[in-house]
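Just so you know, the protein sequences line up as chains A and B, in that order.
Just so you know, we're using the working numbering here: the first sequence kicks off at -8 and counts up by one.
Just so you know, we're using the working numbering here: the second sequence kicks off at 566 and counts up by one.
Hints in this document: simulated from the structure, not taken from any laboratory.
These figures come from a predicted structure and were not determined experimentally.
By construction, the Cβ of each residue, glycine as well, lies at the ideal position given by its N, Cα and C atoms.
There's no promise every hint is true.
To be verified - FRET-style restraints, in silico, Cβ to Cβ: (1) B:671 / A:49: 37 to 43 Å; (2) B:660 / A:32: 18 to 24 Å; (3) A:38 / B:586: 26 to 32 Å; (4) B:614 / A:6: 30 to 36 Å; (5) A:8 / B:630: 36 to 42 Å; (6) B:617 / A:6: 54 to 60 Å.
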Amino acid sequence: MGENVLKNRIKVHRAMHDWTQEELAHRVGVTRKTINTIENGVYVPSTYLALKIAKAFGATVEDVFQLAEE
Amino acid sequence: MSKAIEELDRKRSRNIKIYILSLAVFLVAWIPRLILRSTGSFAVTADRILIAVFAATIPFQAYSSLNLAAIARKIRKDPVLKTALYNELYQVHDMKAWKTGFYSMAVCLLVFSILSLFLRFDVIPVAVTAYLIGFGGYQISFYFLDRG
């Protein structure tokens, strides 16, 4: 059985809202660097931050983050 | 506000970089001097050159340390800056960097413990070296983690 990895659709949601990483970072209250590392899958955010990101997009957390098998 | 956050973040990284580079040059001169002095056969000219090299880095270390302290003070005072710049990713990097700093210091003390079987060292310079390597290890680790 493959290992589960956390995928995200932050880039897609940002494009839909026409937001830069900096704009999203400002809305969530973190730095652009933090958004960048999450978006690129380098860092797995806490539940709290994941919920804040989803809320900023007006989406559910499952819309933004998905568990996928590698 | 987001511009101010990004600017402070860049400024913090830039000062850490200055600190790391100046500390690295300092240690490159400081450690050989410490070891060579303990051998007892150390030319005065070589000693003066090494002193000049590590002394030249002190203003850069002081400048970057003071800047980092000023940035930290500014962040602590403003709740918005504090939330953004001390966010969870920063805390994860900070924790990992402390671990690296601790291991760096432990390895440094281990190396000096082994060397002390053959050479005679003063306690204070060795303690200063261990502290500087520990703190340097923290800063280097944090810089590279934060740079991603």
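Holds or violated: the 18 to 24 Å window for the beta-carbon distance between residue 660 of chain B and residue 32 of chain A? Since the Cβ atoms of residue 660 of chain B and residue 32 of chain A sit about 20 Å apart, the hinted range of 18 to 24 Å holds.
54 to 60 Å as the expected CB spacing between residue 6 of chain A and residue 617 of chain B, which holds or is violated: holds, 56 Å
Holds or violated: the 36 to 42 Å window for the beta-carbon distance between residue 8 of chain A and residue 630 of chain B? holds, 41 Å
Given the hint of 30 to 36 Å, is the C-beta distance from residue 614 of chain B to residue 6 of chain A inside that range or not? Distance hint for residue 614 of chain B, residue 6 of chain A is violated at roughly 58 Å.
For the range 37 to 43 Å, tell me whether the beta carbons of residue 671 of chain B and residue 49 of chain A fit it or not. Given range 37 to 43 Å: violated, Cβ gap about 49 Å.
Cβ distance range 26 to 32 Å for residue 38 of chain A and residue 586 of chain B, holds or violated: violated, 39 Å
Comparing the model with each earlier hint shows violations of hints 1, 3, 4; every other hint is respected.
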